[in-house]
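Visitor: Under our numbering, the residues of the sequence shown are numbered 840 to 1250, in order.
Because the hints were derived from the structure by calculation, they are not lab data. The model shown is predicted, which means the values in this text are computed figures rather than measured ones. There may be inaccurate statements among the hints.
[As the list claims (entries may be wrong)] Keeping only pairs whose Cα atoms sit at most 30 Å apart, straight-line, the calculated DSS-like set for lysine-lysine is: (1) Lys1163 / Lys1153; (2) Lys907 / Lys885; (3) Lys1148 / Lys1109; (4) Lys954 / Lys1194; (5) Lys1163 / Lys1247; (6) Lys1222 / Lys944; (7) Lys1231 / Lys1247; (8) Lys957 / Lys1194.
[What the hints assert, rightly or not] Here are the computed distance ranges between Cβ atoms for each label pair: (9) Glu1202 / Lys882: 33 to 41 Å; (10) Ser1173 / Val1112: 22 to 30 Å; (11) Pro1185 / Ala1249: 23 to 31 Å; (12) Ser1230 / Glu911: 25 to 33 Å.
C-beta atoms are modelled at their ideal positions from N, C-alpha and C, and glycine is treated no differently.
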Amino acid sequence: MKAAYKILVVDDEIGICRNVEKILSKNNYQVTHAQSAKVALEKMAKESYSLLISDIIMPEVDGIELLKRTKEQWPSTKVVMMTAYASTDTAMKAIRLGAEDYVPKPFTPDGLRDKVEKVLSPKTILFPMKRERTDLLDGKVDIDLPFDRKELLKYVGKEYLKTLGPSDMPSIGRTLPKKKEIYCPFGQRICDVFAKLGHTCKAGTEKEECPQKKAMERKAQRDYAGFDSTKLIGIDMPFNYAEVISVAGPEFVKNLNRDGFSFIPYHELKKNVAQMMANNRGELLTTPEFSRHILVIDDEVAVNNNIRKILSKKGYHVDQAITKAEAIRKIDESSYKLILLDLRIPGVRDLELLKIIRDKRPETKVIIVTGYANIETAVETAKLGAIDFLSKPFTPRDIRMAAENALKMAA
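Go ahead and model the full structure; you've got the sequences and the hints to work with.
Guide: As structure tokens, this is what we get:
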């Protein structure tokens, strides 16, 4: 019976709390509210709740931290997160930490009621909290009322509706602080340094360019600079001279530029290899470590190759698949610590490949790479085990950081 369900609504805006409470009470839910995470935790310590509906952006303790504490202390309590600042990143973060669903504002009373009924359904599976490091979101203030007025009118009446206004209006007693103008004309970007210097930039005025932007460009050039070809032995033998000497000896390297071939006694070669293995350098001759084994699944060959090149430069061993059949075959044949998966593969229905990965390789971390990012897809993929969601186009740094974070989680 719905009457048995107790729901706690947490939002620093009292108007939102009352509206959610009024709408859900129409469906015989027992609804109470709290205007802070601290009060919510006190209420949950005294009474058991079936569902917690919490805003993410709140002062002091935010919704993400409240979610973590709730799942630690009351794991049977289901949680739905809501916010006006919807993004695939916060949506996946909430699901990974154990939230059952995620509601972006604005939403209608009907939409809210359907979401609550779905989450409280006995068929809904609780998502256990995963012990992953998640940085807290920056504190912000919600500035919109997350309900459609026509829908709201059906439930609260015209007179009550007249008293409501967006939470940034004086009618509900909230005056938002004025933002400082920190837009720098030299770099054409928001700049804290420009603001701290009193809206001036001496270096920018003298050189007529942004010094920070210039520094970032120089750093980017250093990061993506090509390797030193003088240290390599031909393009068909990409070995470092020192590494070749450690195995073949200096005489072999000395004669590489001569016509014909060089001969090195077997016993000497064997001795050099044994010494190298003793110095833990045998990894150079063995297959890549499993911990750095990555599979990229994307039907766009150019994108697939770019990801491979980006990760290979950091020492990762990257396999590729461009079709559904090839992807399934590689998943069957090899174990991967990480898979980067495009959602739009010909012949693949919805999240079919992600489900296959979850069933066959549950230990494998998955990052979704897509040009069609949306909140709903991010939530569904997170429920199936995806740990990150990258939107195309992306930068080499985005790919590297996502891969590094994923492999740290898998360690």
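Visitor: Run every hint past the structure and note whether it holds.
Guide: Results of checking the hints against the structure:
no.: 1; hint: Lys1163 / Lys1153; in the structure: holds (27 Å)
no.: 2; hint: Lys907 / Lys885; in the structure: holds (18 Å)
no.: 3; hint: Lys1148 / Lys1109; in the structure: violated (34 Å)
no.: 4; hint: Lys954 / Lys1194; in the structure: holds (23 Å)
no.: 5; hint: Lys1163 / Lys1247; in the structure: holds (28 Å)
no.: 6; hint: Lys1222 / Lys944; in the structure: holds (20 Å)
no.: 7; hint: Lys1231 / Lys1247; in the structure: holds (23 Å)
no.: 8; hint: Lys957 / Lys1194; in the structure: holds (21 Å)
no.: 9; hint: Glu1202 / Lys882: 33 to 41 Å; in the structure: holds (38 Å)
no.: 10; hint: Ser1173 / Val1112: 22 to 30 Å; in the structure: holds (27 Å)
no.: 11; hint: Pro1185 / Ala1249: 23 to 31 Å; in the structure: holds (29 Å)
no.: 12; hint: Ser1230 / Glu911: 25 to 33 Å; in the structure: holds (31 Å)
The structure fails hint 3 only (numbered hints given earlier).
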